[in-house]
Structures are given as C-alpha cells and as structure tokens.
Amino acid sequence: SPTVLTLFDISSTSPSLSWQIGNHHQDPCHTIDTHSQILLAAMDQIYHSPSVLDSSFSSTSSLAQLHNTKGLIPYVPGTSFQTQ
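Per the working numbering: the sequence shown ends with 85, consecutive numbering throughout.
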C-alpha cells in the first residue's frame with residue numbers, strides 16, 4: 002500500500018508523519034564505524050610513511066600497535082584484516 006511504501010522512501014523531501022514519529026532509526030554503531038574509519042586513515046598514513054622502506058616493516062605489527070594504542074578493542078594476535 003502507499004502508506005507502507007512511504008515508510009521506506011527515505012529520499013522523499015516531505016517525509017510522512019509516520020516516518021517522523023518512529024520509523025527513523027540511527028545506526029547504533031555509527032560512532033564505532035567512524036572510529037574504525039579513522040584507524041584505517043591512520044593505517045594509510047603509516048603505509049605512506051618512510052617506515053615502510055625499512056626491511057623490518059610489518060603491516061601486521063603496525064596494525065597491532067595502532068589498535069593497542071588507539072583502538073577500542075585490543076589487537077587479536079593471528080589476525081590481519083588489513084591484507085584482505
């Protein structure tokens with residue numbers, strides 16, 4: 002029905018009253034997602050730094066250090082999501 006369809010029309014310039022009342026939900030993980038993006042940006046800065054020219058450079062060690070100093074959750078040994 003048109004009433005139901007308006008619940009999903011987030012591009013509308015004049016949202017229906019039902020949308021305004023209780024059908025708008027903000028992502029509860031928004032701030033965690035933002036923090037993750039900031040960590041990835043910091044990792045990108047490491048990748049573009051002179052330290053990568055050192056033969057002992059390890060992206061996994063850099064990731065672990067970043068997570069252990071700036072992350073919300075400590076690094077888990079054995080993981081390397083940055084290589085995906």
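The reader is advised that the hints may include incorrect statements.
[What the hints assert, rightly or not] Per label pair, the in silico range of CB-to-CB distance:
{"#": "1", "residue 1": "P3", "residue 2": "Q46", "range": "46 to 56 angstroms"}
{"#": "2", "residue 1": "M44", "residue 2": "P3", "range": "40 to 50 angstroms"}
{"#": "3", "residue 1": "M44", "residue 2": "T4", "range": "39 to 49 angstroms"}
No wet-lab data here; the hints were simulated from the structure. In this text the structure is predicted, and so the values were computed from the model without any measurement. Note that beta-carbon positions come from the ideal geometry of N, C-alpha and C, so glycine has one too.
Verification of the hints:
| no. | hint | verdict |
| --- | --- | --- |
| 1 | P3 - Q46: 46 to 56 angstroms | holds, 50 angstroms |
| 2 | M44 - P3: 40 to 50 angstroms | holds, 47 angstroms |
| 3 | M44 - T4: 39 to 49 angstroms | holds, 46 angstroms |
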